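Quick mapping for you: the protein sequence lines, in order, are chains A and B. Each residue of the first sequence is one higher than the one before, counting from 0 in numbering that gives the first Met the number 0. Each residue of the second sequence is one higher than the one before, counting from 0 in numbering that gives the first Met the number 0.
Think of the hints as simulated: they come from the structure by calculation, not from any bench. In this text the structure is predicted, and so the values were computed from the model without any measurement. Careful: at least some of the hints might be erroneous.
Claimed, not checked - Straight line, CA to CA, 20 Å or less: simulated DMTMM-like cross-link-like pairs of lysine to aspartate or glutamate:
1) B:11 x A:10
2) B:130 x A:10
3) B:228 x B:214
4) B:122 x A:10
5) B:116 x B:92
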Amino acid sequence: MNHYVWLIRREFWERRAIWVIPATISAALILVALFGRMQIINDVPLESPYVGKVYLGLTGALFITIMMLYSTLYLLDCLYDDRRDRSVLFWKSLPISDTDTVLSKLLVALFAIPLVSFVAADITSLIVAFIVSVRARSMIGGALWEGGAWLQIQGLWMYVIVTAAVWYLPVAGWCLIVSAWVKRAPMLWSILPLLVAHLIERFFIGTHYLAGVVGGRIDGYAAAAFNGGSRGSWNANDVATTAWQFMDISGFFTNPATWIGAAVGAAMVAAAIQIRMRRAEI
Amino acid sequence: MALIEARNLCKKYGSHVALDKVNVSIEAGRIVGLIGPNGAGKTTALRAMLGLTTYEGELRVLGREPFRERTALMNDACFIADVAVLPSWLRVDQAIDYVAGVHPRFRRDRASGFLAKAQITGKRRMRELSKGMKTQVHLALTMAIDAKLLVLDEPTLGLDILARRSFYDALVNDYMDETRTIVITTHQVEEVENLLTDAIFIDKGRIVLDLSLEDVAQRFCAVAVAPEKLAAARALKPFYERHALGKTVLYFEAVTREQLNEFGELHTPSIADLFVAKLSGDAS
Chain A
0 MNHYVWLIRR EFWERRAIWV IPATISAALI LVALFGRMQI INDVPLESPY VGKVYLGLTG
60 ALFITIMMLY STLYLLDCLY DDRRDRSVLF WKSLPISDTD TVLSKLLVAL FAIPLVSFVA
120 ADITSLIVAF IVSVRARSMI GGALWEGGAW LQIQGLWMYV IVTAAVWYLP VAGWCLIVSA
180 WVKRAPMLWS ILPLLVAHLI ERFFIGTHYL AGVVGGRIDG YAAAAFNGGS RGSWNANDVA
240 TTAWQFMDIS GFFTNPATWI GAAVGAAMVA AAIQIRMRRA EI
Chain B
0 MALIEARNLC KKYGSHVALD KVNVSIEAGR IVGLIGPNGA GKTTALRAML GLTTYEGELR
60 VLGREPFRER TALMNDACFI ADVAVLPSWL RVDQAIDYVA GVHPRFRRDR ASGFLAKAQI
120 TGKRRMRELS KGMKTQVHLA LTMAIDAKLL VLDEPTLGLD ILARRSFYDA LVNDYMDETR
180 TIVITTHQVE EVENLLTDAI FIDKGRIVLD LSLEDVAQRF CAVAVAPEKL AAARALKPFY
240 ERHALGKTVL YFEAVTREQL NEFGELHTPS IADLFVAKLS GDAS
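Please work from the sequences and hints to get the whole structure.
In structure tokens:
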């Protein structure tokens, strides 16, 4: 197990964007809080207990959205870059199995990166809340300081990390296959086969089955993991009202789509490992 | 049992046959040169031995099946495949930390000592180092591993003569002892000639010659023959001949020196000579 620590550290050495991107977002928000113009929008009832939660929820959503996009790019590059620069020949000269290599990258994409984004969101929201509360003391008072909301939101983050990891496993598995396989342009190859298959299906069979499955997986997470998401509308106000009740734990884990997706994802990860074993440099 | 044992080793890429029924046996404690022109199958053979590629036939390295057991094999074997494969973003100290973290037989003090000698400091990234320095870093990492088998694939390609010399000096002086075995591929025979104990010539996926250097003098003989004696000498069936300074140099295998003495001055061919002789001889 100990070598997983090194495998994951290795990823943080190579992919400095994992902390540079959150640090940049954080710096930008803090600068806005410091020097931006304070303006109270009349519609927002500042005395409502939701303000603190909305604020925390939005900050976290901003970080996790950007970092999940980064995670996808990371997965597409992680088994491709070292083949392109031939450093795979160095990594493979060490007693680390291809299974451990691939799983360590999966762990970074599904757990480490989201964890970094939420920690960054927490630190940022505390700093920004402090600045705003001091600067606009007369207007909002302590509305952004709510210990209970802060704790609830931490629980929500953990729930998001676990459920998103399960839900997006097939997407991650697909990215790993492409990354381990292609000789160039992994981003293009991640989309092209699906697009071609979709067009063939549409013109020769006349159905949209593939598009439905892929699209449903990519934008169906909120609906699967949260109550109220089934309406298709999901906004931070809902998160804020009752973060705990909002999590659809039993619904998510009893949904067949969750487990079919996870099984397909696990198969794809296994396939990526097999491809990785057989491919050295490009 | 031999350290490396290949029987009927084959590898095809589509219709191209990279290895064609290769039989090789390499004993412990040897320095073996796998010598052949570009595209001869050297690298494919090494990739198979290191578990980097699938193959057909039987292959055992340190008693293991390389492709199935690569991870375990890499505890006892290490390799430098090509120069400059350390990634550009990696820092020297990170490289040491990482290998120390994942390799049970890595000795950090040896790596650090070697790098200090080469005057390479830890905070530098690979992209800032010259090709020669990068090779020194890779060699330092590899030599600090207590491995039974070291495999080098064209380790000095693209290096200048100074860097090459220091690479091989370090290898021979600081690394090699009777417990280790080294396999080197190269297409530059002259460079490794003095290092080797054995040479295996490979061409078009086949083993052309496999011999121990101690046997060269016994097995092979070259003689520069004056034109008037040429016909008589040719009767002894040289496997290769070349013209030099008005005489013809004939290369013989398994012909005694007593038989050849009368034709002219005898000498033992160098590995480079044999390489040229064997490969162009087969081509004609």
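Q: Quickly compare the C-alpha distance for residue 11 of chain B and residue 10 of chain A to 20 Å and report which way the hint goes.
A: violated (35 Å)
Q. Does the alpha-carbon distance linking residue 228 of chain B and residue 214 of chain B stay inside the 20 Å limit?
A. Violated. Residue 228 of chain B to residue 214 of chain B sits at ~28 Å, over the 20 Å cutoff.
Q.
For residue 130 of chain B and residue 10 of chain A, compute the direct alpha-carbon distance and say whether it is at most 20 Å.
A. Violated, at roughly 24 Å.
Q.
Please verify whether residue 122 of chain B and residue 10 of chain A have alpha carbons no more than 20 Å apart.
A. Answer holds: residue 122 of chain B to residue 10 of chain A is near 18 Å, not above 20 Å.
Q: Would you mind confirming whether the straight-line C-alpha gap from residue 116 of chain B to residue 92 of chain B stays at or under 20 Å?
A: Distance of about 15 Å is within 20 Å: holds.
Against the hints set out earlier in the document, violations occur for numbers 1, 2, 3.
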